[in-house]
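Asker: Modelling step: build the complete structure from the supplied sequences, incorporating the hints.
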Amino acid sequence: MATFRLPNVLNEVIRAHRDQFLRPVQPKNGVGAFVFPCRKLVFNYCERSGSSKSMMEYLQKEATRFASENPQIEVVVQPRPSKHPIVRAFYTNGEQKTKCVRRCSAGEIPEIVKSLRDHSGHKLHRWNRYVISDTPSVRGIYSPFHDKAVYSISDLKTKQ
Amino acid sequence: MFSTVTRVTSRAGLKLGMVGGSRAALSIATARKMAKESPASGKRVVAEAGSTTYAALEARLNLNFGGHGVMEQVCTHKSFAQGRVEHNERLEWIGKRVLNLFVGEHLLATYPNLSTEALQDVQHSSFGMSSLAEIGRHFGMQAAMRWEPVSREAPAVGLTKVLGKTVQALVGAIYQRQGEAAARAFVKQHVLSRPVDVESVMQIKNPKVMLVALTRQKGMEHPVARILKETGRFTSSPVFIVGVFCGTKMVGMGFGSSLKMAEHRAAKDALLKYYAKEIKDISVTGDEPDVSLFAQDVVV
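For the protein sequence lines, the chains are A and B, in the order given. To convert, note that position 125 of the first sequence is 214 in my numbering; the numbers rise steadily by one, no gaps. To convert, note that position 118 of the second sequence is 120 in my numbering; the numbers rise steadily by one, no gaps.
Hint data in this document are derived by calculation from the structure and do not stem from the laboratory. Hints may be right or wrong, so weigh each one.
As the list claims (entries may be wrong) - Here are a few chain A residues that face chain B, going by a calculated C-beta distance under 8 Å: (1) 121; (2) 153; (3) 162; (4) 164.
Even for Gly, the Cβ is constructed at its ideal location relative to N, Cα and C.
Answerer: Structure follows, in C-alpha cells:
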C-alpha cells in the first residue's frame, strides 16, 4: 500500500520552489527523439558444458535474426569457458543487467533476451507518490480550463 | 547497406554465418582476446569499442553514413594514439559552429524579449559543454569514445569536454555528409528538445525597481500590488497571494508568508513573464531546407 503524506502547506511549497532552481526539469527520452536504451547485449556460453546447450541452440538459430531486427543494439557473442551461459545487457544510462540462462529451455531464452532488450536500464524503484512531477505544486496540476486571468478587473466590468 | 559482422575465428565450431546486406551489429570474440583485455584488478571488462559499436550507434541515432568509418572518426579524440589516426578535431570545429548557429537561431526566435547577454547565458548553460556531454552519454557514446585521459589516476578528468566535443563532431559530420537540412533536423530532435532553464540565467536582484522601470519604458501604468487571497494572517504560517496590476491588467502573481515577500515574488513573476516569454510555434524546422529563419523574400 503506497503511503501518501499530506504536505505541510507553505514549507512544502517553498521547498519545492527552491528545488526548482537546483533541480531543473529533467530531459525525457522520447521528447523530440527516442534513443533506444539498450545499447549492447553480450551472450556468453561454454562450448563444452551441458548447461550451455539451449544457449548454443539459440545462438545458432535465432541470434543473427535478432541482431538484424535490432540494428541499434550491439550484439556480442563471446565464449566463456567453464562458466554457465549468461546474457548481459548494457544500457545508455550506464547500468547493466545480467541473466544466467543455465536452466532455461530453448523457448525461454528469446523471452529473456526480449525482456532485457525492452528494459530501460533504470534500477527498480518503489514510488511512494500518486503523482511524480518535476514541478510539484500544492496548488495542483495545471489545468487549461483555469488558465485565463480570473482576476482581471476589466473582465468583471464587461460582464456587468 | 553494409555488413557489420566481425568474425574472429574460434577454435570450436560455433559458426553463425554472415549477416550480409543488413545492418546487424554482431561480433564474435574469442576467449583469448577477452583474457588479454581484462585488467589485473580482476574486474570484469567487456571488449573495447569495435566496428559493431559504431554501426549500432549510427542505427540508434537513425543515421546512415554508409560505413566509411565516419562514426569511428567522430568518436576518436586527437589524444588517442597521439593523433596518428583520423580524429574528430576538424569535424568538431565545424560542428560547433553549426550547432551554435542552429541553437542561437532557435533561442532568438523563441525568446523575443530576452537581452543578448541573457541569450548567451542561456546558450551556455542549457546547450554548453556539460549539456552536450549529457546528450552524448544519453546516446551511449561514452562506451564508443576513443581517447586518452590526461592522467591514469583520474581517468574521468576531461571526459565531459571530450564527450561534448564528440557530439559537436557528430553534428559536423552530419552537416558535411548529409547537408544542412539533416543537421538541422538532428539538432532539433536531439538537442533543442531538451528543457531550457531561463529563470536561473536571469539575475533579478530588485524586481520591484526593475518592474517600475520596465512599465515606464513600455508606457504602461504604474504597477500596484493587491492581495488576491490570504489565510492565517496573524498565525505562525500565513500565506498571502499577491497580484501586481498595471491598471486593470494583472501582470504577475506571487505567494509569500509576508506581504513584502509575496509582493517581491509577484514582481519577479511579472518580469519573468515579460523577459522569458516563449514563442511556441516558431518556423525554424528541418522541413523547409532552404529557408533561413530571417530570409523573408530570399530563398536560396
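Asker: Does each hint fit the structure? Answer for all of them.
Answerer: Status of each hint after checking the structure:
1. A cut of 8 Å between beta carbons decides the hint on residue 121 (chain A): the least distance to chain B is about 2 Å, and the hint holds.
2. This hint holds: residue 153 (chain A) has a C-beta 5 Å from the nearest C-beta of chain B, less than the 8 Å allowed.
3. Evaluation of the residue 162 (chain A) hint against chain B yields a held restraint, the C-beta minimum of about 6 Å falling below 8 Å.
4. Here the hint on residue 164 (chain A) is kept, as its CB sits about 5 Å from the closest CB of chain B, short of 8 Å.
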